[in-house]
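Hey, can you work out the whole structure from these sequences and the hints?
Protein chains in written order, with our numbering: chain A, 12 to 429; chain B, 37 to 468; chain C, 273 to 588; chain D, 32 to 299; chain E, 32 to 299.
Worth flagging that the hints you see were computed from the coordinates, not collected in a lab.
There may be inaccurate statements among the hints.
Stated by the list, open to error - Below, computed lysine to aspartate or glutamate pairings styled on DMTMM-like, alpha-carbon distance capped at 20 Å:
no. : chain 1 : residue 1 : chain 2 : residue 2
1   : E       : 127       : B       : 374
2   : D       : 230       : D       : 219
3   : D       : 52        : D       : 219
4   : E       : 131       : B       : 366
5   : A       : 325       : D       : 234
6   : A       : 325       : D       : 108
7   : B       : 288       : E       : 121
8   : D       : 290       : B       : 50
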Amino acid sequence: MATTAETFPRKVFRPSMLLYDKRYRSLTIQVVVLFLLMGFFAWLIDNTLTNLAALGRDFSFRFLGQTAGYDINQRLIDYNSQMTHGRAAVVGLLNTLLVAVLACVLATVVGVLAGVLRLSNNWLVAGLMTVYVEIFRNIPTLLWILIIFAIMTEAMPPPSAFRGEDATSSMLLWDTVAVTNRGVYIPEPLFSRSLGVIDMGSFLISIDLLAIVAVVGLSIWANKRLLAHATAVQNATGIRPKTWWKSILILVLPIVALLVVLGFHLGYPELRGFNFAGGTHLRNSLIALWFALGIYTGAFVAENVRSGILAVSKGQTEAAFALGLRPGLTMRLVILPQALRVIIPPLISQYLNITKNTSLALAVGYMDLRSTLGGITINQTGRELEGMLLMMLIYLVISLLISGAMNVYNARVKLKER
Amino acid sequence: MSDTHARTTAFVRDTMLPEAPAPIAQRGAVKWLRENLFSGWMNTALTLASLYVIWWLLAHITPWFGNAVWNANSLAECRAILDGRSGACLGVIRDRWHQLLFGFYPPQHYWRPVLALVLLFGALAPMLFSNLPRRLLWLSALYPFVAYHLLWGGSIWIPVVAAAGFGVGALAWRLITPYTALGAILAALVTPILWWVLAAGAVAGALTSVAPLGLEFVRSDRFGGFLISLVIGISGISLSLPLGVLLALGRKSDMLLLRSVCIIFIEFIRGVPLITLLFTASLLLNYFLPPGTSFDLILRVIIMVTIFAAAYIAEVVRGGLAALPRGQYEAADSLGLDYWRSMRLIILPQALKISIPGIVNTFIGLFKDTTLVVFIGLLDPIGLSNAIRADTSWNGIYWELFIFIGALFFVFCFGISRYSMYLERKLSRGHR
Amino acid sequence: NTLQEVIDRGEVRCGVSTGLAGFSAPDANGVWQGFDVAMCRAVAAAVLDDPMAVEFVPTTGQTRFTALASGEVDVLARNTTWTFTRDVDLNLRFVGINYYDGQGFMVRGDLGVGSATELDGATVCIQTGTTTELNLADYFRANGMEYEPVPIETNAEAQQQYLAGACDVYTTDVSGLAATRASFADPENHVILPEVISKEPLAITVRDGDDRWAGVVQWTFFALVAAEEMGITSANIAELAQGTDNPEINRLLGTEGELGSMLGLDPEWAIRAISAGGNYGEIFAANIGDGTPIGLARGLNAQWTQGGLLYAPPFR
Amino acid sequence: MTDTALPEVATDRRIDASRMKVTDEVAVQISRMNKWYGAFHVLRDIDMTVYRGERIVICGPSGSGKSTLIRCINALEEHQAGQIIVDGTELNEDLKNVDKVRSEVGMVFQHFNLFPHLTILENCTLAPIWVRRTPRREAEEIAMHFLEKVKIPEQANKYPGQLSGGQQQRVAIARSLCMRPRIMLFDEPTSALDPEMIKEVLDTMISLAEDGMTMLVVTHEMGFARQVANRVIFMDQGQIVEQNEPEEFFLHPRSDRTKLFLSQILGH
Amino acid sequence: MTDTALPEVATDRRIDASRMKVTDEVAVQISRMNKWYGAFHVLRDIDMTVYRGERIVICGPSGSGKSTLIRCINALEEHQAGQIIVDGTELNEDLKNVDKVRSEVGMVFQHFNLFPHLTILENCTLAPIWVRRTPRREAEEIAMHFLEKVKIPEQANKYPGQLSGGQQQRVAIARSLCMRPRIMLFDEPTSALDPEMIKEVLDTMISLAEDGMTMLVVTHEMGFARQVANRVIFMDQGQIVEQNEPEEFFLHPRSDRTKLFLSQILGH
Ligand SMILES: Nc1ncnc2c1ncn2[C@@H]1O[C@H](COP(=O)(O)OP(=O)(O)OP(=O)(O)O)[C@@H](O)[C@H]1O
Ligand SMILES: Nc1ncnc2c1ncn2[C@@H]1O[C@H](COP(=O)(O)OP(=O)(O)OP(=O)(O)O)[C@@H](O)[C@H]1O
Ligand SMILES: [Mg+2]
Ligand SMILES: [Mg+2]
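Below, the structure written as structure tokens:
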């Protein structure tokens, strides 16, 4: 047993070791893969360059700086047809994000409601919710978008129906909301003592908005402090002080005060010329996309919620009851914290799906990223290669951000196991 | 009974009590109603609200279907018959159902896609039911070629020669494998490609001129409607399965480069909307291919859809692989099985079985997403509904078409998902 | 060499629009019909002696140029406006204007609008993927008016939006407006406003860099135009092909000179092209003229001798 | 069967019987209690009195209604007829009574049912803080006291998933004890455990019994029954078939059902 | 502790010691073998020679590296220093050697690791067919032979999920035997089994030993060790602490660690 590692004969290198030697094999394979991959990309790029050369084109993103020349009906930042394609793309991107966020909110609300109701012991309600989930899950999104769009354009009255003595339609909610086949007009928030805007060069920021965000943020922070204080009191004395009315005050008063200071009032839509004017115009395309994506995805969310709640076993509830916890507290302290861990990851991947599905805006002419950068811009400039690649890249970045958020969440709430 | 009260006295029951009927509140319709519908003011309110919703839906839908008009040849005619009442104009379905189902596929050949679909179920059976003879798997392997020939037609020698490519590969592998295993693998990969690229065309041409057998050729631009959804969906999912499995294995590999490539690929595909991939198929693919190559749009779409589905399948299969206990890998290793054999014989059969629900969900999602091809000019059911509406006689018809298309998709997707749940239960019982 | 490829393949691949009544649309049997379609059939007849040897590839506004550039189609006969950038920057080759058009507006009669200058604040449906958005933006901007654009992908959908009243105005090329209006149940209640806000020379297009093929397509088109000018119709062509006193007719129909072989075709190419669907005038009348539901007048598309712009260079 | 040697519970401790006194106070009084699941009659005319300090073991074949009986006492299940009075409070539709009973009766389940998202300490302090309104500091002290009693104070800041089954079950017992219940219910507390772990849990329960806790235990650990219980109740088909002191019960079972059951339980 | 009676393995069979001869041929030769998991040194300078026909039992506290050692012999784990020569083949980077060794060394795991999607027969024929390239018919005959040896030929067409744990472990042994290994490794083959089943598996292993199979067995079944092993190796902290013939090992353990370990193992 006196042999030492040094005396073991070292083998000389033989080519067959490339394949049958642990040390070299994975290297061999990876080098082969690398070469294949490089070859493949070289081939792709060579083809592309040849094709571009044959067409007498170059590969450049200069077109983003050129004048767009087309109008966009829904813009969250200032835009007109004399601005650049790049800016048009940004307007489109913001529209994409807007409808994505709206649809995510709707899907969450609908999904949570339907998921919880599906578990209700009311047979009728549970049955209705099952029907909702199955119908929406098994019919393509695109069809839902088209159906809701068709409902909006076909079944709603045109603005002209609101006009004249013998108007066949009238506005809802004390003449503040008009539902027409061109979209829904709702009151818009206006400030008579506006604080103005900050010019950031390429875009403007409303100081009013900043102020509101700041105040809401502060209120939420203050409320957090209040709750923390309540917990501290509870820890010290065992009795948790009532906080709900204080919470409401803290959350509501400051913002109301700010709105009063800013001279907040609503601008109501009214019929003027061809259309309603004033108010905020929610276009059909937005509504169709928003509702279709929201309700369609809501069906999936409902299933996630349901299985999340079911995953928290009956035993947990019973254990909590046996300890004397009331149903409300049981929900808050035992069921929800556990169910959320199960529900939130699939929920976030549904958000991802919604974001990707907003590209179906194409079906209803909603001016999102796809139809500005990936549509009219490509059309006008003929830069489909650059435009498409850029658009994919933007979607990819959004997706990675969302799934990154999901991973962070998962890592945070992972249950500790042995 | 009173004797049980005494603390230490023993108690024995001599006669067992019979089962007594439950009190009225605990059984029958009363209990059911009380428990399910009216067990509190909240529940009662929900019940009433649901009843209202159901009534409202029925009140709107029933007359619409009740007054349905079948025998009209245009919307105007239909409206005339309805005479102001609300009602469905199902005449459009009677007039155009064949288009919605088959597109412009020649009517005298409708039996071909139908037969292909029927055969599909036959081909699936050996894969799903392990108690059928293994030999039947050959039929499943042949199915793609049969289906291709049924759908597109043309010379029968084209699919035959294409299938022969695999035979050539297998032959090469057989012949070389006694000498060098690596050489055999390479040969098995290279010879079919050589066959397809160099020999296949000539051989097929020669055979065709000698024996011109085959069905009438149907061009892919005649494909449409539900048929195109099925063709894209089914070929997409079946082609993406092997690719997805490879990606999943790659993603689990301990070779850094291989793993990163797979991860990047999967995350890229999953991060962009399908629509952009379809646009790539229709707009950009020609840039990436050698000058002058151009092939069928449906084929390009199938390629893109395959790549798309493969990324999702890869994730599903990865879940299945992760769910297998480590012991299975070790047992396979300890028996001396090499990587590919242990994957093929031990790991994948189990991992794929675990993944069936996920695969089916991916398929249903993919199938619904085939409607997006309307954006690149293919006539899927939604595309056809636009085309039908462009016809002067059916200008302005919406709901009937949407409902018909929706019902088609619903029946198909719901059916599949239920069937897969049934299969799952069956399979999970099978081996216990 | 496209010509050789087409002959080898036995089929002309022709890019058309996905469906525009009168110009290109599949009928109930899936056979393509229309004005643009007829142009492709004439080319196929000239080159391959079979007007039906055409594979029609429906293209959208977005896909058409790539389809052409990549060789997916050999010729694009799809209401495509000839513009400077398309010609120079996108490297297309516009071989002949088969329809002189301009962008116009259509509104409901009961709106009481008589001129496009009264459209301030209107909601305008536009079919995207063409030059329409740009013209529209320029026009409203130049006149200091506001509008609400509603972009729609297909003509059918746009038409539906307009009919449902979701927009006040529908704008596209005047020919398209007429075609659309013709399909309405009540065409008389819709007016096409007098303003034409742009020049839209719709041209047949081929790839740049293949002059021989461009020549074949170009001169096939000119043959149709010249035939109308010379009075050659599908009815009398058989008779005229026997030889006439008019040397230009003889040269065109191949009884005299070698024009066909200069193109790389046989002498009877023009006879076949004209027999396929008739001369330009016949094609126009059969697909979009007064006698059809589309009901377009010849207008600018009349022969130069009739006060129009159609002008075929001499066959000599 | 009667001559089968009784299994000995695996403990080294000598039981201090003097502390395990049974008093005259009634802890639980059940009379003519009936329960149905739908049309199925699970519990039939149950009459039973538990005195304070008693340790009752309930056994019987699977499906005989043992769990259901014990869960009725904690109002986890409703009964449809008869009366259950726990610690002077009748269980009826009055939710306040239910709350009162639940906070005075501790329950330990077969599958522990610890809250996996809370640490051991948090598991133990949750109910005292939110139900008893004990200040946190104090609740934690109580919890540590009972964790020491079940011999795992050092695990206080781990999560349930990090403990072994036996440790988890002991935490579950400690968690119940933190509410300072007057009665403890156990539903097969050891049947999900490995043999080594069974011992540690039974030890904990024995020490609880020594402290004079009133206990109702559903279990098949006959060694435990013999050593600790002062009464064994045998149930079958939803009814109490036999009850007796453990020695008598095991050595001279009277009803045929009991004999059959014991032969099965002890036979293998 | 030394006076504790050794537990007797629960078997009725008398061992036929004459057949269990140890030869001079070296089956496994391990020298100065070291292994690390990351920075953790699991196996330290292991030196060990196994002669053909030997039956070695390896024991030691949990985490001492027993499984790791045995898995190194089968190349399921790589070692980082030193030498392992199995049946004349050195385990090194050469994958061909690894394949060779694996097909000559059988391994039985704690959790059986049968392939649940294959029948018992298919489990047994899989490796012979695919690794040894035995014709199916012949492979099936061999499989049935060994299934008879482990006494479950009648289960051949069932699936593993349909068998009890003991039966599954016997199938796992038969599966290994079908490859006609020259050495068998066992990693706690009985520790996942109920007591009744342990016996049937141990019986199988004993009959294997009688046939002269070279065996390395990680187990805590001391009765088995005493009856079958001709050498017992005690490991702790990744090193071989003591080895001896079984009688000597149990009756006169020399190192303190061994004594402590034996007192724990045999004590409860
Ligand atoms: N929620 C329920 N709904 C309907 N029947 C039930 C329900 N819970 C239990 N049962 C039935 O009531 C009977 C008694 O159940 P219980 O759980 O009390 O039995 P057990 O004596 O505890 O049996 P085990 O020893 O298996 O735990 C069983 O037949 C069971 O099937
Ligand atoms: N894959 C691994 N990565 C890191 N450490 C490991 C790994 N496998 C085992 N270990 C560690 O190596 C040590 C030895 O493990 P091994 O499984 O060989 O012990 P053992 O003696 O078989 O114990 P047991 O009796 O519990 O099976 C242990 O401390 C274990 O935690
Ligand atoms: Mg029970
Ligand atoms: Mg081990």
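Now the hints, each set against the structure:
1. E:127 x B:374: Holds. Residue 127 of chain E to residue 374 of chain B sits at ~10 Å (cutoff 20 Å).
2. D:230 x D:219: 14 Å, holds
3. D:52 x D:219: Violated: residue 52 of chain D and residue 219 of chain D sit about 24 Å apart, past 20 Å.
4. E:131 x B:366: Holds - the C-alpha atoms of residue 366 of chain B and residue 131 of chain E are around 16 Å apart, at most 20 Å.
5. A:325 x D:234: 28 Å, violated
6. A:325 x D:108: This hinted pair holds, its Cα atoms lying about 13 Å apart.
7. B:288 x E:121: With a Cα-Cα distance of about 29 Å, the restraint between residue 288 of chain B and residue 121 of chain E is violated, given a limit of 20 Å.
8. D:290 x B:50: Roughly 14 Å separates the two Cα atoms, so the pair holds.
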